[in-house]
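Colleague: Here is what each chain is made of, one letter per residue.
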Amino acid sequence: MSDIPPVVEFTGVHKTFGAYRAVVDINFQVQKGEFFSILGPSGCGKTTTLRLLAGFEEPDDNGGTVRIAGEVVNKKRPYERNLAMVFQNYALFPHLSVERNIAFGLEMRKVPSAEIPPRVKKAMEMVRLDPGQFARRMPAQLSGGQRQRVALARALVLEPTILLLDEPLGAIDLKLRKEMQLELKQLNKQLGTTFVYVTHDQEEALTMSDRIAVMDNARVAQLGTPAEIYECPRTRFVAKFIGESNFFEGVAQSQGPDGWRVDGSGGRFEVPAHPSITQGSKVAIAVRPEWLDVAPPDAVPPGENAIRGTVTDVIYLGETLHVLVAVADGEGERRVTVAVRNEGQLSRPIRWSKGDAAVVCWKPADCQVLEDA
Amino acid sequence: MHSLKLPRWLVAFVALVYAFLHIPLLVLVVFSFNASKYGVEWTGFTTHWYARLWERQDIIDGLKASVVVGVSSTLISTLLGTLMALAIARHEFRGRRLMEAFLYIPIVTPEIVVGISLLILFVLLNFPLGLVSIVIAHVAFNISFVVVVVLARLQGMDRNLEEAAMILGADEFTTFRRITVPLLWPGILSGAMLAFTMSFDDYVITSFVTGTGSSTLPIVVYTMVRKNIEPSINAISTIILIITTILIFAADRLGRDKPLVHSAD
Amino acid sequence: MNPFALRQRALAWFHRHKETQAWALLAPGFGWLVLFFLVPIVIMFAYSVMPRGEYGGVERGFTLEHYARFMDPLYIKILWRTLEDSTICTVACLLTGYPVAYVIARATKWRNFLMFLVILPFWTSFLVRTFAMIFLLRDTGLINTMLLKLGVITEPILMLYTPFAVMLGLVYGFLPFMILPIYASLEKLDLSLLEAAEVLGAKPMARFFRVTLPLSMPGVVAGSLLVFIPALGSFLTSDLLGGAKEIMIGNLVQNQFTTARNWPFGSAASFIVMALVLVAVMIYLRVRDRDTELGAH
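Chains as they are written, first to last, in the numbering used here: chain A, 7 to 379; chain B, 92 to 356; chain C, 429 to 725.
In case anyone wonders, no lab produced these hints; they're calculated from the structure. Misleading hints may appear alongside valid ones.
[Stated by the list, open to error] Okay, derived cross-link-like pairs now, EDC-like style, lysine to aspartate or glutamate, Cα gap no bigger than 16 angstroms in a straight line:
1. A/Lys81 with B/Asp262
2. A/Lys82 with B/Glu263
3. C/Lys446 with A/Asp207
4. A/Lys82 with B/Asp262
[Claimed, not checked] Away from chain B, derived, C-beta distances all over 12 angstroms, residues of chain A:
5. Ile108
6. Ile321
7. Glu377
All of these numbers come straight from a predicted model, not from anything done at the bench. All C-beta atoms in this analysis are idealised placements derived from N, C-alpha and C, irrespective of residue type, glycine included.
Between the sequences and the hints, there should be enough to build the whole structure, so can you do that?
Modeller: In structure tokens:
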């Protein structure tokens, strides 16, 4: 490790509200200049984590430490932390004009008054808001997208080392959101500011982040780069929450040269070796739809796992097609989703239709063994 | 909006109810300009009865007393009520819900009960009945109303605004001064307007805790109504009506001020 | 110590003593209410269970005689009339107020203005409004004069100082209290529910009784409470419009404290009013909670 401490460090942080455990044993570090996302469904503790970092909440007594640039800030008030933040609802001061909103933080930090107007102007230009047109407007006179830019300018004008963003794109429409995602990412790289970004939108997190902390039920479920999170989900929750997954379960029977043979309810399959698997242990794997293929029962590619089933539906999605295959699962049935590249349904339609007997197949290495089998 | 049309009979009925609510007052106002001293025969336009009001020392004194009582009870109840609302909305303390429930009791208690219980207290304490005792009584029934109005405003206020100020570097004092107070101001003002209107209009409670020489305007008007004193009552009633209308109008405007929470889109 | 450090110390102290800070904010107002609202009511209760002394005062001791006096048919009658009048007034306000609230909630362009017209009398001096009623109803009042002029009647109809005048005055006085909460609940009503009912084949009457009315029940219940409570304690209306004939419990209280000078008995009567109000509030809270449980907003 380098001598420079991480910009943000959470060590065993706990926070309870009365009997409600909002976050439990949170550990992570954020490096300088990183775009770090905290991703999870509502109520998972992601907002509490951000509020702990901002200083709106304090960790429990003996509930771990929050460090900013190496310094413990557990008891520090928000205004002593030198942070900047963009709120979900923007929280623009309704009684102050756009320029007064942006200048507010500079005034609080006792920036000489001569320096304030040029810095406000620069910040507005940075977020592509025309100062001549918008500086004097009141927040109520702005559109959602414009308010969002003002909120961003109000934070960036302070030239913070860390910028906190609490679902800032949640309230604007899809097209603008895509545009802002790219802009935010650009700002992060161009300014060298560390971004800590809270979102419930997995696609957004994958697009923008250098690293993601996926939170579930008050804990960090997995920490990693977007590729690590998507391609090697460690738990069922992560596999399900980020992208789509098919799950196969069974009991480990025997160890081969490349992994384990597993007896599943729908059939036998092989999985790669994994430290959590021992003889007779339960095994669960996640397989992404695009890692699967669907084949006629008599044409299983050699060396691939195959599970028999019946096609129940073919869904047209544009870029891809989803073939839904019902496979036996104990006494009942389970639907497996297979993604197939669309090669043009008008010229070369796929051969599958409802009721066809088929096998779902995948290469043994193309799966992720889950730790919470 | 909706396609369902309102039936005619319903509209007619509602028009009648509006007439019932407003015609008595309109008649009152119109006849305050009637030249005839007796009855309701219209004999010509005059502002004589208004001029007469200024000759009556009891009315002038009553108006003065009402303004003094109204202003001082409004100032005190607005200050105390706002502080209480801040504590309830912004602080966790034991018994908070109990305190909120308690604040509603004065609102539902009949005025006559408030009036006589205060009378008993003042007599028991040998407290002189007069302007001071009236102000004490008015503050006691106004506080709860101020708390309710200011609390509604505070609870409708986006907490993120104060947090945003803090993360931008403002400490608690600065946040309160630069963000909370400016945003709360319309709520405080409309609470104050409400308090003043109620204080200015109150007869029941005042009648129990008033002493000689400290009659407020409603007390004077009550005596006039009892004694059936000529069209002067119409004139003074009209003046009271105008004053309250202005106050309600102002309170209404302030209460509706710019929205505190932006809709997200 | 320089001001900056002082400020820092103060902030730190406030942060550590949040509860103390809350009570510091509450103390003046709460103290005022305890001293000038709660304590007087407690004293009033004490008065109501003490023997009557000279000049309206009390003597040491404990007695329930003042409450026992309410068993007297004379007082039972007053009590009964108070309850009856308050109930009739509430029902009358409901029947006249509901249609008004309904129309305002459906109005689009005029809604604010119509609302303002309801709020205006709501805050207008009760005394002035009662006088306006006298002005219309008395023998030489506008109604009688006009009817005489038109030759409809030859002698003035007695309207003032009748039970009718009192009831009219009560409804006139408290009607806005009914309209405002009903309007509030009707305004929140999702109009697509009515369209859904229409699509499902509900006729206008069925739509009203099966959808609109049940969903506006919270407003109806709140409005009824807001009318019933002041009606219970009213005395100005029966005093000015009913003459001395139509006595309600409020008048009884007032008499005991002015002319009759029997403070303990007046306190007992006053406490009975207070108790009735509390019962009404309890019923209201029960009904409201049941409604919320049923999922009505």
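Colleague: If a hint holds in the structure, say so; if it does not, say that too.
Modeller: Status of each hint after checking the structure:
1. A/Lys81 with B/Asp262: The hint holds at about 14 angstroms.
2. A/Lys82 with B/Glu263: holds, 13 angstroms
3. C/Lys446 with A/Asp207: Not satisfied, since the Cα-Cα distance of roughly 37 angstroms exceeds 16 angstroms.
4. A/Lys82 with B/Asp262: Within the cut-off at roughly 12 angstroms; holds.
5. Ile108: Incorrect as stated: the minimum Cβ-Cβ distance to chain B is 10 angstroms, not above 12 angstroms.
6. Ile321: Check passes; 31 angstroms lies beyond 12 angstroms.
7. Glu377: Nearest chain B Cβ is 37 angstroms from A/Glu377, so the label holds.
Hints 3 and 5 from the earlier list are contradicted by this structure; the remaining hints agree with it.
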